[in-house]
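Given next are the chains, with one letter for each unit.
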Amino acid sequence: MAQKTMIQAITDAMAVELANDDNVLVFGEDVGKNGGVFRATEGLQAKFGEDRVFDTPLAESGIGGLSIGLALEGFRPVPEIQFFGFILETMDSIGGQMARMRYRMGNTRQMPITIRAPFGGGVHTPEMHSDNFEGLITSFPGIRVVVPSNPYDAKGLLISAIRSNDPVMYLEHMKLYRSFRDEVPDGEYTVPLDQANVTRSGRDVTIVTYGAMVREATKAADELAKANIEAEVIDLRTIAPLDMKTIIASVEKTGRVVVVQEAQRQAGVGNQVISEISQRAILNLQAPIGFVAAPDTPFPFGQAETAWLPNANDIIAEVKKTVNF
Amino acid sequence: MINGKIDFAKIVDTESQEFPEIKVLNEAGEIIAPELDPQLTDEQLVALLSKMVFARTLDQRSTALNRQGRLGFYAPTAGHEASQVASEYAMDPGDFILPRYRDVPELVLHGLPLAKAFLWSRGHQMGNEYPDEFRALPPQIIIGAQYVQAAGIALGLKKRGRKQVAYAYTGDGGTSQGDFYEGINFAGHFKAPAIFVIENNGFAISVPRAEQTAAKTLAQKAVAAGIPGVVVDGMDALAVYQVMASAREWAIAGNGPVLIETLTYRYGPHTLSGDDPKRYRTPEMDQLWLSRDPLIRMRKYLTAKGLWSEEKENQLIDQYKAEIKAAIDEADQAPKQQVSDFLKNTYDVQPQNIQEQLQKFEQREAN
Chain P
1 MAQKTMIQAI
11 TDAMAVELAN
21 DDNVLVFGED
31 VGKNGGVFRA
41 TEGLQAKFGE
51 DRVFDTPLAE
61 SGIGGLSIGL
71 ALEGFRPVPE
81 IQFFGFILET
91 MDSIGGQMAR
101 MRYRMGNTRQ
111 MPITIRAPFG
121 GGVHTPEMHS
131 DNFEGLITSF
141 PGIRVVVPSN
151 PYDAKGLLIS
161 AIRSNDPVMY
171 LEHMKLYRSF
181 RDEVPDGEYT
191 VPLDQANVTR
201 SGRDVTIVTY
211 GAMVREATKA
221 ADELAKANIE
231 AEVIDLRTIA
241 PLDMKTIIAS
251 VEKTGRVVVV
261 QEAQRQAGVG
271 NQVISEISQR
281 AILNLQAPIG
291 FVAAPDTPFP
301 FGQAETAWLP
311 NANDIIAEVK
321 KTVNF
Chain B
1001 MINGKIDFAK
1011 IVDTESQEFP
1021 EIKVLNEAGE
1031 IIAPELDPQL
1041 TDEQLVALLS
1051 KMVFARTLDQ
1061 RSTALNRQGR
1071 LGFYAPTAGH
1081 EASQVASEYA
1091 MDPGDFILPR
1101 YRDVPELVLH
1111 GLPLAKAFLW
1121 SRGHQMGNEY
1131 PDEFRALPPQ
1141 IIIGAQYVQA
1151 AGIALGLKKR
1161 GRKQVAYAYT
1171 GDGGTSQGDF
1181 YEGINFAGHF
1191 KAPAIFVIEN
1201 NGFAISVPRA
1211 EQTAAKTLAQ
1221 KAVAAGIPGV
1231 VVDGMDALAV
1241 YQVMASAREW
1251 AIAGNGPVLI
1261 ETLTYRYGPH
1271 TLSGDDPKRY
1281 RTPEMDQLWL
1291 SRDPLIRMRK
1301 YLTAKGLWSE
1311 EKENQLIDQY
1321 KAEIKAAIDE
1331 ADQAPKQQVS
1341 DFLKNTYDVQ
1351 PQNIQEQLQK
1361 FEQREAN
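Protein chains in written order, with our numbering: chain P, 1 to 325; chain B, 1001 to 1367.
It should be emphasised that the hints constitute simulated quantities derived from the structure, not laboratory data.
Being a predicted model, the structure only gives us computed values, none of them experimental.
Warning: the hint list may mix true and false statements.
Across the chosen pairs, the derived CB separations fall in these ranges [stated by the list, open to error]: (1) P:42 <-> B:1359: 45 to 51 Å; (2) P:30 <-> B:1215: 28 to 34 Å; (3) B:1287 <-> P:21: 56 to 62 Å; (4) B:1349 <-> P:43: 28 to 34 Å.
Every residue gets a Cβ at the ideal spot worked out from N, C-alpha and C, and that includes glycine.
Okay, chain P solo, but in the shape it has when bound:
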């Protein structure tokens, strides 16, 4: 057991699976000698060789197609898309081709592909790097979208994703890469896909969120506790498909919900969560569902991120509004 950052946990997960299964391949732009622009693949090529961990030419659609072809030949590709802002270049491979392959071929073929991509705001990247495009991917049946919020989950979820026989879009929030450490067990362990995690228990209100907003929600909950408001925090972990059972169980207990996402109001997974709660538990609600999200503009310029991104204060205000309704 060691204290690790999230990025160390991610590297560790890939090393575990590269060692476990010869069919696992790690590739992408700059992932080889350079170890990735964030160093997520640091040391992997030296340890596992150029046949297993390799650079590709700079073309995201090519990386998507390469992954599909390799998966059909029995490999478990773990491609990296250097920044999630570049994902639009590979949308046909993801949404049109790999997510549909099992369905299209009547369950005779599978796509065990885990696409990793750094995303999210707060680290002042240049334009078009950090966009919260996760909502786009969540609309494709056949692929899972996984977003870890801490180092322990990051390793366990990534190992589960690589072992899954279905494609997974695995999104790594850049602000979480090195901002804190967790106890991360050595060797292999898994965190299940498709299961949300109640990270904080509370009786008064349920906060449903994912990614970097889990930290903000937890901060808000600590603050709210001082005002005698006990918030339950749910970390979705798999943002598509949703674990509605966990969410509904909490809503039935608290009767109040605030959904929090870093993405724009029109863009993330929050609207799906709100829609499902409305259909399944509206009579349990004592107040309208609260929603904290970013404004409906394109992702902001680097220096304006702080003003644009939702934070703990926004969550506190929305929770109070809901509780005092």
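On the provided structure of chain P, position chain B as indicated by the hints.
Then chain B, alone, in the frame of chain P:
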């Protein structure tokens, strides 16, 4: 003044030097390039022409079945027999085909049961349920996607040490897609055994080849990827076979991919879903290409060798028609599709939403 210091006209002229069109068998059925004759045995020549007759018969029957409302989506293939049949004939059974929608003949010749091809045309999931050992993907619709995927298959074959090749087919229009360039570039970089085939029939639906690109040939696009590019007479089965078989040898020897442009023509419309070629092609153009027909010249060649007769061909056509009838009858027996099966086929491990919806549809289907 800096005008004229760099001679761009000369540069583009040098870059666009013609890629010679490889020909072996002329329209009179004579070998005009003995050094390139693949020297197939008599048995192989008969097999090759027989398969071409099968493809032509399948096209005629498919068109008729479509008009009778017994088939669904159909993209005619007549005129493409040399490009399609001779390229498949050069493959090993373990080679992998990534076709587009017009490449049904190659799939069937490679081992796809004909009834499945018909089910695919009709929009039935069983048409895409391929046997595990069948090395192909269903026809690609998103043109270009098969090129990037072929690079992946080919890299996989290389990593496994298999002496086999991935064949990706597209038309002339497909060479304008970004994925076309990414696919040939990836395969070239990885020296992956892929053969990229462009069936250049002169028109992407209605848009003529000249309006796709300023490049003089499509094969020359290989230059930028650092791989060989070849133009071949796509109405000449022996030339196509020679080029494909040679490309295959080159690829499995570890030299990387080859880009092959076959010059061909589709006699029919783009698809039978309403396209009218009279809007964009002239009767003179049709006549010119009909005179180059791939079957006519092979018939002449084989007849002169005493290997072929009209009677033999008619017998074959009757046999193929019977096979096609049996396959369409088999397709008629396919069970009605169920949404519950679609739900089961979407994930390996079913998430909650699928479980819930499955329950609903299974109940509905039981009633």
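Kindly confirm whether 28 to 34 Å is satisfied by the beta carbon distance between residue 1349 of chain B and residue 43 of chain P. holds (32 Å)
Taking the CB of residue 30 of chain P and the CB of residue 1215 of chain B, does the distance hold inside 28 to 34 Å? holds (31 Å)
CB of residue 42 of chain P to CB of residue 1359 of chain B, is that within 45 to 51 Å? holds (46 Å)
Could one say that the CB atoms of residue 1287 of chain B and residue 21 of chain P fall in the range 56 to 62 Å? holds (60 Å)
In this structure, none of the earlier numbered hints is contradicted; all agree with it.
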